Every structure is written in C-alpha cells, then in structure tokens.
Amino acid sequence: RKEVEQDPGPFNVPEGATVAFNCTYSNSASQSFFWYRQDCRKEPKLLMSVYSSGNEDGRFTAQLNRASQYISLLIRDSKLSDSATYLCVVNGDDKIIFGKGTRLHILP
Amino acid sequence: DAGVIQSPRHEVTEMGQEVTLRCKPISGHNSLFWYRQTMMRGLELLIYFNNNVPIDDSGMPEDRFSAKMPNASFSTLKIQPSEPRDSAVYFCASRSTSLNQETQYFGPGTRLLVL
Numbered sequence: 001r002k003e004v005e006q007d008p009g010p011f012n013v014p015e016g017a018t019v020a021f022n023c024t025y026s027n028s029a030s031q032s033f034f035w036y037r038q039d040c041r042k043e044p045k046l047l048m049s050v051y052s053s054g055n056e057d058g059r060f061t062a063q064l065n066r067a068s069q070y071i072s073l074l075i076r077d078s079k080l081s082d083s084a085t086y087l088c089v090v091n092g093d094d095k096i097i098f099g100k101g102t103r104l105h106i107l108p
Numbered sequence: 001d002a003g004v005i006q007s008p009r010h011e012v013t014e015m016g017q018e019v020t021l022r023c024k025p026i027s028g029h030n031s032l033f034w035y036r037q038t039m040m041r042g043l044e045l046l047i048y049f050n051n052n053v054p055i056d057d058s059g060m061p062e063d064r065f066s067a068k069m070p071n072a073s074f075s076t077l078k079i080q081p082s083e084p085r086d087s088a089v090y091f092c093a094s095r096s097t098s099l100n101q102e103t104q105y106f107g108p109g110t111r112l113l114v115l
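For the record, the sequence lines run as chains R and S. Residues in the first sequence are numbered from 1 upward in steps of one, following my numbering. Residues in the second sequence are numbered from 1 upward in steps of one, following my numbering.
Take these hints with a grain of salt, some might be off.
Capping the alpha-carbon separation at 25 Å, the derived lysine to any residue pairs in SDA-like fashion look like this [claimed, not checked]:
| no. | chain 1 | residue 1 | chain 2 | residue 2 |
| --- | --- | --- | --- | --- |
| 1 | R | K42 | S | N30 |
| 2 | R | K79 | R | R37 |
| 3 | R | K42 | S | P108 |
| 4 | R | K95 | S | G59 |
| 5 | R | K95 | S | G16 |
What the hints contain is simulated information worked out from the structure, not anything from laboratory work. This structure is a prediction, so every number in the text was calculated from the model and none was measured.
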C-alpha cells in the first residue's frame, strides 16, 4: 500500500455541484493531516487542516477517519475558481508525505 | 510580507553541467524544505533543515544532489553533474516550528530543464 494515495482524477464536475475526494494513508501513527491546493504552474498552498472532529471552512469540509485511515474533502456549490489539483498531506514520525493530488475541473 | 523566494525561476542547462538552486525562507521561519515535483512521481521531499541543520536527507536521490543551509536566511540545492532525468520543478518551503505551526509556505518554484 502506498504511503499516501489519492485518486488522480480528473474529476469533471458542473458548476454548482458537490464533489468529494478521499485520501488514504498507510501509517497508523500519522499525527496531522492537511489539504493543499495547487493551481496550474503554481506552488501548493494550504487549503485547510484536518481535525479528528472534522472541520468546515465555508464551502469546504474536511474529515478524518482514523479507523479506516483516510481523510476526505467535500466542496459544496463548486465554483469555476475551484478548478485545481488538491493534494493530501500526512505528517507523522517526522515524515511529511504529499499525495500526488486529485485534479478537479469545474465545468461552466 | 515577502514569501519564500526562489531563484532562478527557470533554468535550462545541458547534461553534465552544475545547477545551483537558491532559496530564501520567510523571515523567522526555522524549518526549510526542498521538494521536487514531476508528473510521474508527484511532490517528493528531498531534504529538510531545522535551525539550519539537515534533519532528513533520505529523499535526496543520489550523491549528485547536495543541499546546504549556511544561515537562517539562505539555502542552496546543487546538482552536479545534472542529468535529463533531473528535469522537474523544485520547490522550497519554510515553516515556523517555534510557533508550533505545521503549515508550510512554498516558494514559486524553479523549473529546471536538463537537455
């Protein structure tokens, strides 16, 4: 099993729809989790941290399932500007692992 | 505030040449990371420093790669000799562990093409 695994996509979603991504991780001792967003030919930027209790930031909701070792990102009422690659990041044992990312295309 | 600064932004070189990438972290940040990103392998951590000391260089592909951090405001990643398979985008990122923060702030990257 890969350390951090994401569906590469692309996800082609009409504007206004809800879209969800999952990310699985192999190290059960992992301690912190994040979603980063990367626009085409740009650097990754933090989108949100992921907490055990789940957290929400506007249209974005992140959740962590430690038992099944996955994290999720839900985007509601998607906008054209949400088109990007979403990277899952897992920290643990002084190791920082980025997933390869899931590409999202929001269609007008 | 200035973010992480990287130079050059683009580099085209011939196989066998030495390449030096530079990074200036955000002032006050005490951790610095070098990453390489390709379509095939995604974003890979090459090395990271805490307080200018290399902590984990297990991601450095081979002896052709070396990284230094002579002071808190400057780091270099050197490839000597370069090979076509080194072509990638190299990102530098920094964060502040002293503030118990885990967010990494990335620079704009250096796009390297080795012919």
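Against the structure, the hints come out as follows:
Restraint check for R:K42 and S:N30: satisfied, since their Cα atoms lie roughly 24 Å apart, inside the 25 Å limit. A distance of roughly 14 Å separates the Cα atoms of R:K79 and R:R37; the hinted pair therefore holds under the 25 Å criterion. Using a Cα cut-off of 25 Å, the hinted pair R:K42 and S:P108 holds, with the two alpha carbons roughly 6 Å apart. Between R:K95 and S:G59 the alpha-carbon distance is near 11 Å, which keeps this suggested pair within the 25 Å criterion.
Between R:K95 and S:G16 the CA atoms are separated by roughly 32 Å; this puts the pair beyond 25 Å, and the hint is violated.
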